[in-house]
Every structure is written in structure tokens, then in C-alpha cells.
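Novice: Please arrange chain B on chain A, whose structure you already have, making use of the hints.
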Amino acid sequence: MESTRSLSFPDKVLHRVFTHLTSNEDRNSVSLVCKTWYNADRLSRSKVFIRNCYSVSPEILIRRFPNVRCVTLKGKPRFSDFNLVPPDWGADVHAWLVAFADKYPLLEELRLKRMVVSNASLEFLAFSFQNFKRLSLFICDGFTTDGLEAIASYCKNLTEFDIQENVVEDTSGSWLSYFSESFASLEVFNFSNLSSEVDFDALERLVSRCKSLKVLKVNRSVSLEQLQKLLVLAPQLVELCTGSFSQEFSAHQFVELESCFNNCKNIQSLSGLFDATAQYLPAIYPACANLTFLNLSYSALGSDELDELLMHCPRLQRLWVLDTVGDKGLESVGSNCPLLEELRVFPSDPFDDTIQGVTEAGLLAVSFGCPRLHYVLYFCQQLTNAAVATIVQNCPDFTHFRLCIMNPRQPDYLTNEPMDEAFGAVVKTCTKLQRLSVSGLLTDLAFEYIGKHAKNLEVLSIAFAGSSDRGMQCVMEGCPKIRKLEIRDCPFGDAALLSGLEKYESMRSLWMSSCNVTMDGCRLLAKTMPRLNVEVIKDDESDDSHADKVYVYRTVAGPRMDSPPSVFTL
Amino acid sequence: MSAPLEHDYIGLGLAEASSMEIASEKLTSSSSSSSTLSTEQNSCNNNNNNNSNTNNNTNKALLDFKETELRLGLPGSKSPERKPTNNGVSVSLFGKDIENSSSKVYSLSPLKNIVSGAKRGFSDAIDGSSGNWGLSMNGKSEADLCKGAVLYSPRGGGLDEKNKIIKETSVLPQSPKAAQEKKKNQLPASNEPASAPAAKAQVVGWPPIRSFRKNTMASNLAKNNDDDGAEGKTGSGCLYVKVSMDGAPYLRKLDLKTCNNYVELSSALEKMFSCFTIGQCDSNGLPGRDGLSESRLKDLLHSSEYVLTYEDKDNDWMLVGDVPWGMFAGSCRRLRIMKGSEAIGLGMYHFFFFFIEISVKNPFEV
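Chain order of the listed sequences is A and B.
Oh and the first sequence: position 155 is 155 in full-length UniProt numbering, straight run, nothing missing.
Oh and the second sequence: position 228 is 228 in full-length UniProt numbering, straight run, nothing missing.
Next up, chain A with everything else stripped away, as it sits in the complex:
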């Protein structure tokens, strides 16, 4: 028949075609077409992204995709960033590495997020994969700088060394000296996470050898003078993270620094700027013409300094700042950055509520001036419903709206009402919304709005909100695309937990801590849905019936074998 002829492409051709499919979502779709395509996809898939390391086992992965070269693994639930997960919870990468060493000898890329990585694992990695090129460790823990020595010594083909925001025991900076003198292949070099001073001469030589270096992110121990030397050697940099940006310079030295930045015409992303002051910041102005990402979240700048700086950054798309810039600084953002798409405002001192920081006026000003804004992360002390409604009216294209009113259960400070209407406005106006973090005083009404309107919502984070089970029920019954739900300190109990029975298999995970869920509720869930892992983390002093922290996720690998004593898989 006609139809069968069209299916009999030789496999090679199919493979060729599929290599052009870069998105794994597309690949997942084609694999569902028919058996031939499924096989073609599985044999040609070289990149896998596993968002929950316990949802699948190494063996199952390898069986389906035998030719993988690039692996991204994510481990612990996100709330482990905030000390809500016990340190021995799991997500150790070693078993994966052992399996990969056997079946993926040509592995070239490994990206880990929130995994436990030991020095032994790093050494094992360095020894086992001759072709290893790209290593990225983000918010991992378990290793020290000693482990990095092995990577530096044995990964001769390394192009990417990216160590970011990990919990690293920094014993010394000598790891850098383990790169051999002939090693020259680095394109991405990020060690801004580490604090120890490295051998600057070795660093200088390394940078000068690596002609393809595009991304250089040094740590705070690198001085301004040293940075200058590096920039002279690598004017081709596209992304730069400086070290300490404060040193007593003469006028002459300053001019030299300025001209150095002037030569770096390709810089698109700038960060670090630790201790930057008004005096030295102007040195970077010449490099700001093409800047699309500026991370000032480690520099306590004031509004005037920010204003002057932003005048030189017309193309800015993403900006991260501290709330020291105040509302006035955010007004400058609104006036100077019409192309802005992402804004993150971090608190300079989150535990001191006498600091003014930023208010709704700041974000309002940005929304008036930056209509393309679609990603916001905003830490503030208080807000009003009206302000949020206006903000989303000005910027209806929000895809990520993360609001953190730092005082739990803070109402609208003008009307004293709950913040329900604010988030109601967000979900009603921003139809493309994918990620939402709510805060402030919220009743079930807010969640009714979310369930009713947030049809594209995938990730929802809730803290200190809601009045009853109904709140969570609205979300579970209403949001069709919900993938990840993280809840802490809310009055949601077993009824709420069980209202999501039908959703959990299509979700990646659910986290509920300090809510009203009981062990019985969890047991019932586990019994009804065998393809979910229902894990309960018990705090020491709680009573037996209360489920302090619940983590529910879908898996094809069954219950895990490596949970610590405080974690019960039901």
C-alpha cells in the first residue's frame, strides 16, 4: 500500500533527520509515532535531560538510549536550597557515573543540579571518560576543591569548567595549578563559587593559552589589577564575572582599566562586581554597549550609581540588582532599559525589616518603562493589590512572576485586605504565565483564581497562604499543565493532598512541608497510585501521625534504595 512505502525510510536517513531535532520535547513526540521512529529516536538520541534523578534508573536510561553523550541530571527538590531537606537525603551521582562508565564511555558532557558529588566521584569521572569535555556543577554539594584537582589534571579535552553556587569546602586554590601547561581548550571557565586565592600566574598563563575562551568568571580573590591583565589577554570574552572590583587606583591606572574594557567589545554578560563603588564602576561603561545581561546582585549600589551605569546599557535585556538601589534606582531602569525582559531584585539584608528596600513603586516604574518585561523575581516588604494589577496591565506577557513579600502573611498595606486580588489580576491578565510564586496574606480565593485562569501554569510555589483544603483543591482541579507544586506552611491537609490523585502522574513532583497532611493520608495516596513514590521526611520531634514533609514524584524506577533513616517511602 502507499502508506507503508512512506514508512520504509532507511534508518540512516531517519537518524540524520532526527539529529536536527534539538528539542527533547520534539524528540519525545516523534518517538510516539511508530516503532520504527521510536527506535530511530532512541538510537540517535545523544542528549538527555532528567529532571528528577529518581524518576528513572541508570539502567532503564541506558537500555532505552544507548548512545547518549550529554547528560543533565537534577536531584534534590528545590526547597533543599532553603535548608528544608536533610543533608543526607540522597541524589548522589556516583551510581550514575558507574553505569555511564560502563555503557557511555564516550560521555562528553555532564550537568548536575542539586546533586551530591563527592571527590571520589569527581576523580572517577576524570579517569573514566577520555572524551570528557563539559562539566557543570550547579547548587551541588559533597565535594571539596581537592576533587577539582582530578578534573584539572586528567580531563585533557575539557572545554567547559563551570562551578556555580555549590556548597564547596574550599581547602585551597591550588587546584588551578593542576591544569597542564599544554592545556588550551577551555571555552567556559567559571570558578566564581570558590573563595580561595588561586595562583594568579597559572591563571594568567591558562587564559593566554586558551584562545577560544568565551566565558571567564573569576572569584573574589582576583583583584582589579589582576582582572585587567586577564582582559588584555582575552578581549574576545562574551561573558565576564569579575572579582573584587575595588582597589586603590590612581587616575592613570583607572584610565588603563577603562581602555581595557573598551577593547572588550563582545561582552554581552557581566557579573561579579563585588564591592564595586561609584568610583570604579565607570571603568566598565565602554564595554556596556552590547550588554544584554547585567548582574549587580553582589554590589550594594545606590540609585545614582545605577542610573549612571544604565545610561550606558541601552540593550539590556536581563538585570539583577540588590534592593539598595531603591525605588529610585528602579525608576532609572524604567527610563533607560526599554528592551528589558527580566528583572530580579534581591534583598540586601533579608532579616532586617527596617531597611526600606524597594516597594511597589519601584516595580510599577519598571512596568511603565519596560513593556517587554516577562520575568520578574521581586523581594519586598509590602505591596498593594492595586499596584500589582497595574503592573500586569502594563506587562501582560509575564511568563515568570515570582513575588516574595518577605513578611509572611502580609496583607495589602493600604487596604489591609488579603493579596488575593493581586494574584487574581496576574493570572487573569497574563495568559502565558508558566511559573508563579505567591506570597503575602492569601485566602482560598487566590487559589480559586489560579485554578480558574492559569491555564498554562507549570510551576507554582506557595508559602504561608490559603485558608483551607479548598485552596489546593482549586489548583489541582484547575491547572491542566501543572508540573511542579511546592507548598510550605499552608493549612492544606489530606483532602487537599488526595484531590490531586489524578494529576500526580502527569506532574514531575509535589512538595508539601509544614502543612496538615497526615501519615494516613500519604499511605492512602501511595496505595492508590503505585507509580508514584510518596516519601515522607520526619522531623525528630513531631508526633507519629503527622507527615512533616511530603515529597511525591512519578517514577518508573520504583521506590529508591538509598533513602536515609529520616525518609520513609510509603
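When the alpha-carbon atoms are kept at most 30 angstroms apart in a straight line, the in silico DSS-like pairs for lysine-lysine are as follows: (1) K339/B / K253/B; (2) K47/A / K484/A; (3) K214/B / K484/A; (4) K214/B / K113/A; (5) K328/A / K242/B.
One-sided excerpt, in silico: chain B residues whose CB lies under 8 angstroms from chain A: (6) W206; (7) I209; (8) S211; (9) T216; (10) M217.
Here are a few chain B residues that sit away from chain A, every Cβ distance over 12 angstroms (derived from the structure): (11) N260; (12) E270; (13) M327; (14) G330.
Think of the hints as simulated: they come from the structure by calculation, not from any bench.
Where is the CB? At the ideal position from N, CA and C, for every residue including glycine.
Specialist: Then chain B, alone, in the frame of chain A:
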């Protein structure tokens, strides 16, 4: 004096509660605050009669009887009917805080009823109130009373913990379990900033900030606190500020605390930048600044090309000399010896006789 109602341990009844507010204000200031528990009502009555009605009314508006009613119970336990109190609206029995609506209110007397209905132990009440009630029962000193109180308190050393609970803000009615967990969770978040945290309950993992950022900001704060004055922050004993001079190849640092007035400041600056005072060298090349006479000073002043300015806390550049020394020293972050041509707008002040006559070609300029 009405018969004491059989209510609570300090023997106050319904009617007296509203007058307590007024009474307490009187108590803090009056010297005759020798109110014992039993005679409390006496003074209350008296004060009540003496007070104007307006006082009564405003205070009544602020009071809700149930809020002010003292009840027995273990420290930290709750009365179910307690209303939650919001930020800034704190009800205190002792009047001190009613005026004070700032957010610092909870760093004061621990007797706030911010946590809905949390019962205080005896020691709590006494300790906190010793300043207000002026309790002097039968001639005993307050200290003795406190000591005695501690003995009675079921948790003698537990004041800190109670304070922690009491420091919570805007708490809605919670289930006892949640309250317990909150209490447990009041461990300082790891790597707190170096500055003392405000009187706020520190819930684990809130606000949601990653430890890398917390650590970095904490070390930033520590740096600024230790830093010997790049920001001009006052440490104990020294206040170093940077001094720059237009045309000089490097800056200097000066400790403002070593100077007590502007005169001393200028001589200190003079000493520092004397190597640039070419114009003032006499024939054998030595600087001739010693014994600069008044008249010579004035000569130099009037032909001065330089002006001394400073940067204050608001990042504004100000002319030195306008404000009293103390004010100047407190707000000065940096000094700059500005070229006269730039300082035209500031006027040619002769207050500072410190300046340099430099020839057009300054060999020190690079």
C-alpha cells in the same frame, strides 16, 4: 475601692482593665508608682478620676478587653479566643508602646501580646514590668522580686525562648502543631548577616534565598563593618576617610578622629600633601610650611586655586566648613581637594588655608 474581682492573678477585673492603660502611663512617669498588686486598683481609680475623658476615650479605642486580660497558663501556650494582631498594632498593658507604632516596637517590653494569646510566665510579667510597675511590695527591692519571680516560673531560664515567640509578627491563629514547629524553627538561618537580626522570628528557609547568596552578602556586611573607612563608617576609635587631590598620583587616608576641629584637619592634610607644595619650598628646597604665619596664610588663601570638599552620606559633594565639626565628621565619607576652576560654584572660601601653588607643569602628573 471596689472589691477585687476574682479574675486573674493580678486581681484586676473587667472594669479596671480599661483604666489600666491610663494608669500605666501615669505609673511610668510618676514617682509614686509604689503600687502593689493589691493597691493597684486604688491608684487606678485615682488616676482614672484625675484623667481627662479624652485620654480615656482614645485608650479605650485601642483596647479590647480580651486582649488585655491576663490569664494563667504555661508560657507559650495559647488561649484559643485570642484575636490575632497585625503588624504595628500591638496591644500592651503598659502604654509605653501605644504611641510607638514603628516596627521596632517589639524590641521593647516583652509583655506584648503579639502572639495571639500566648501566656506569659510569672517571671516574664515581673521582669518586663519591673520598669513600669515600680513594684515594691512591702519594701522589697525589684531585684528581689525578680529573683522571687524566677523561682515561681515554671521555666526559669526560658525568657529567651518566650521572647523569641513574642517577637513573632502578624501571626494568624495556627494549629498548636504549627506553632510548635515555628518555635522549633527559630534557629537562626545559617550564615546570618553579621549585623544583628531585627526582632523577627527567623523561620527556617524564609525568605527563600540560597545559601551562596546569604554567605556572600554576610561577608559583604562583615567587610563593611570591619572596613577601616572606605565608606567612612564610624568604627570605635578611628574614622578613616580617603583624601584625594586633583592632580596627585595617589590618594591618602586620614583618620578624622585624630582631629577635633577644622584647624587640626587642615594641618593634618597639609602634612599629608606637603610633598606637593612645591610653591612653598624655600630656596634650599625644604618645605617652608613650618610656622606659616597668619598673614602669609591669608596671602596664600586669597590666591588659592584649591578648595576642600567632602562627600557626605547622600553622595553629595559639599564644601568643607559649613557645618559644625561634629556634624561634619559624622557625615563625611571622603575628602577631595578640588581644583579651584571646578569649584567656582562653591565660592572661594578661605576657611581652609590648605592649598597648593603648583606650576602649570606638575612633574608629578603622569
